[in-house]
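Residues in the sequence shown are numbered consecutively from 0, following numbering that gives the first Met the number 0.
One or more hints might be untrue.
Okay, derived cross-link-like pairs now, SDA-like style, lysine to any residue, Cα gap no bigger than 20 Å in a straight line [said to hold, decoys possible]:
| id | residue 1 | residue 2 |
| --- | --- | --- |
| 1 | Lys55 | Val132 |
| 2 | Lys90 | Phe121 |
| 3 | Lys90 | Leu69 |
| 4 | Lys90 | Ser119 |
| 5 | Lys31 | Gln109 |
| 6 | Lys31 | Leu96 |
| 7 | Lys147 | Thr75 |
| 8 | Lys25 | Leu96 |
| 9 | Lys55 | Gln140 |
| 10 | Lys25 | Glu62 |
| 11 | Lys31 | Val14 |
| 12 | Lys25 | Leu69 |
| 13 | Lys25 | Phe93 |
| 14 | Lys55 | Gln68 |
| 15 | Lys31 | Glu95 |
| 16 | Lys90 | Gly29 |
| 17 | Lys55 | Val134 |
| 18 | Lys7 | Phe121 |
| 19 | Lys31 | Lys7 |
| 20 | Lys31 | Asp143 |
| 21 | Lys90 | Asp60 |
| 22 | Lys55 | His37 |
| 23 | Lys55 | Asp143 |
| 24 | Lys32 | Phe15 |
| 25 | Lys31 | Leu100 |
| 26 | Lys31 | Gln68 |
| 27 | Lys90 | Gln109 |
| 28 | Lys25 | Gly5 |
| 29 | Lys90 | Thr28 |
| 30 | Lys55 | Arg131 |
| 31 | Lys31 | Gln112 |
| 32 | Lys55 | Tyr126 |
| 33 | Lys7 | Pro77 |
Pairwise CB distance ranges (calculated) [stated by the list, open to error]:
| id | residue 1 | residue 2 | range |
| --- | --- | --- | --- |
| 34 | Arg101 | Leu10 | 21 to 31 Å |
| 35 | Glu62 | Met83 | 13 to 23 Å |
| 36 | Asn6 | Gly161 | 24 to 34 Å |
Rather than coming from a laboratory, the hints here were simulated on the basis of the structure. Glycine is no exception: its CB is placed at the ideal position from the N, C-alpha and C atoms.
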Amino acid sequence: MNYHFGNKQNLYLEVFRARWITRARKIQTGFKKALSAHDGTSLTGIVHALAKAFLKGPLTDEERLRHSQLMIREMTMPGLATDMLVDEVIKPFFGELAALLRPFLAEDAQREQIMLNILSIFSMVVYFNFARVPVMRVTGQEYDERFKERLVEHIVQFSVSGLDVNRKEGA
Numbered sequence: 000m001n002y003h004f005g006n007k008q009n010l011y012l013e014v015f016r017a018r019w020i021t022r023a024r025k026i027q028t029g030f031k032k033a034l035s036a037h038d039g040t041s042l043t044g045i046v047h048a049l050a051k052a053f054l055k056g057p058l059t060d061e062e063r064l065r066h067s068q069l070m071i072r073e074m075t076m077p078g079l080a081t082d083m084l085v086d087e088v089i090k091p092f093f094g095e096l097a098a099l100l101r102p103f104l105a106e107d108a109q110r111e112q113i114m115l116n117i118l119s120i121f122s123m124v125v126y127f128n129f130a131r132v133p134v135m136r137v138t139g140q141e142y143d144e145r146f147k148e149r150l151v152e153h154i155v156q157f158s159v160s161g162l163d164v165n166r167k168e169g170a
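Construct the complete structure from the given sequences, taking the supplied hints into account.
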C-alpha cells in the first residue's frame with residue numbers, strides 16, 4: 000500500500016478523493032435532479048432542492064453520516080484534504096448556487112453576503128445530517144421519511160425568510 004501511494008498522506012488524500020468527492024458529486028447530481036423536478040426557477044425551489052439533496056438524496060443514511068463527519072473533521076481540524084475539499088468541491092458548487100440565487104437577491108448584494116447566505120443554509124443541512132441523535136431527542140421524532148420532509152420544509156422556510164431580508168424588490 001505504501002509503495003503504491005508513496006506514504007500515508009497520499010493514501011489519505013486518495014481515499015478522500017475516491018470516497019468523499021465521489022459522494023459530493025452524487026449529492027450535487029441529486030441537487031440538479033431535484034432542481035429540475037421541483038420549481039428550480041424560484042428561491043423556494045432552489046433551497047428545497049438543496050435541502051432535499053442532502054437530507055433525502057442519493058446517499059444512504061450511513062454514507063450521509065460519514066460524508067458529514069469527514070467534512071466536519073476537515074473543517075474543524077484543517078488537514079491534508081481541506082484544500083482539495085474547498086477548491087474542488089465547495090467553491091465550484093457554491094459558485095453555481097450563487098449564480099442560481101443571484102436573481103432573487105438585492106442588486107447591491109455583495110459576493111461576501113451571498114456566500115454567507117449559502118453557508119447559513121449549508122450549516123442547517125449539515126447540522127440536521129450530523130446531529131441526528133440530539134435532534135431526535137429534542138423533537139421526539141424518528142428520522143423517517145416524513146420527518147426528513149418536515150426538516151426540508153423547515154430549512155426552506157427558515158432560509159427563505161432569512162434571504163428575504165436581502166431580497167430584490169418584486170422577486
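Hints and how they fare:
Proximity of Lys55 to Val132 is assessed by CA-CA distance (about 17 Å); at most 20 Å being required, the pair is judged to hold. Annotation: proposed proximity of Lys90 to Phe121 holds, straight-line Cα distance about 13 Å (limit 20 Å). Straight-line distance between C-alpha atoms of Lys90 and Leu69 comes to about 17 Å, which keeps the hinted pair within the 20 Å bound. This hinted pair checks out: Lys90 and Ser119 have alpha carbons roughly 15 Å apart, not beyond 20 Å.
The suggested pairing of Lys31 with Gln109 is violated, with an alpha-carbon distance near 25 Å, which exceeds 20 Å. With a C-alpha separation of about 11 Å, the suggested pairing of Lys31 with Leu96 holds against the 20 Å cut-off. For the hint pairing Lys147 with Thr75, the CA-to-CA distance comes to about 26 Å; that exceeds 20 Å, so the pair is violated. Between the alpha carbons of Lys25 and Leu96 the distance comes to roughly 16 Å, so the proposed pair stays at or under 20 Å and holds.
A distance of roughly 16 Å separates the Cα atoms of Lys55 and Gln140; the hinted pair therefore holds under the 20 Å criterion. For the suggested pair Lys25 and Glu62, the alpha carbons sit about 11 Å apart, so the restraint of at most 20 Å is met. Using a Cα cut-off of 20 Å, the hinted pair Lys31 and Val14 is violated, with the two alpha carbons roughly 25 Å apart. Proposed proximity of Lys25 and Leu69 is supported: the alpha carbons are some 16 Å apart, at most 20 Å.
Of the pairs offered as hints, the one joining Lys25 and Phe93 holds, with about 16 Å between alpha carbons and a cut-off of 20 Å not exceeded. The hinted pair formed by Lys55 and Gln68 meets the criterion: a straight-line CA distance of about 17 Å does not exceed 20 Å. Taking the CA atoms of Lys31 and Glu95, the gap is about 11 Å. The hint holds against a cut of 20 Å. For the hint linking Lys90 to Gly29, the alpha-carbon distance of about 18 Å falls within 20 Å, and the restraint holds.
The straight-line distance between the Cα atoms of Lys55 and Val134 is roughly 16 Å, inside the 20 Å bound, and the hint therefore holds. Distance restraint check for Lys7 and Phe121: the Cα-Cα separation of roughly 31 Å exceeds the 20 Å cut-off, and the hinted pair is therefore not satisfied. At roughly 35 Å between alpha-carbon atoms, Lys31 and Lys7 are farther apart than 20 Å, so this suggested pair is violated. About 23 Å separates the Cα atoms of Lys31 and Asp143, which puts this hinted pair outside 20 Å; it is violated.
Our distance criterion of 20 Å between C-alpha atoms is broken by Lys90 and Asp60, whose separation comes to about 25 Å. A hinted pair counts as satisfied when its Cα atoms are at most 20 Å apart, and Lys55 with His37 qualifies at roughly 14 Å. A distance of roughly 10 Å separates the Cα atoms of Lys55 and Asp143; the hinted pair therefore holds under the 20 Å criterion. Taking the CA atoms of Lys32 and Phe15, the gap is near 25 Å; set against the 20 Å cutoff, the hint is violated.
The suggested pairing of Lys31 with Leu100 holds, with an alpha-carbon distance near 14 Å, which does not exceed 20 Å. Between Lys31 and Gln68 the alpha-carbon distance is near 23 Å, which puts this suggested pair outside the 20 Å criterion. Proximity of Lys90 to Gln109 is assessed by CA-CA distance (about 16 Å); at most 20 Å being required, the pair is judged to hold. Annotation: proposed proximity of Lys25 to Gly5 is violated, straight-line Cα distance about 29 Å (limit 20 Å).
Of the pairs offered as hints, the one joining Lys90 and Thr28 holds, with about 16 Å between alpha carbons and a cut-off of 20 Å not exceeded. Pair hint Lys55 plus Arg131 holds up; C-alpha atoms about 13 Å apart against a cutoff of 20 Å. Pair hint Lys31 plus Gln112 does not hold up; C-alpha atoms about 23 Å apart against a cutoff of 20 Å. Distance hint between Lys55 and Tyr126 is fulfilled; the C-alpha atoms sit about 14 Å from each other, no more than 20 Å.
For the suggested pair Lys7 and Pro77, the alpha carbons sit about 17 Å apart, so the restraint of at most 20 Å is met. Checked against the hint of 21 to 31 Å, the C-beta distance between Arg101 and Leu10 comes to roughly 40 Å, which is inconsistent with it. Taking the beta carbon of each, Glu62 and Met83 are about 19 Å apart, inside 13 to 23 Å as hinted. The beta-carbon spacing between Asn6 and Gly161, approximately 44 Å, falls outside the hinted interval of 24 to 34 Å.
In summary, the numbered hints that this structure violates are 5, 7, 11, 18, 19, 20, 21, 24, 26, 28, 31, 34 and 36.
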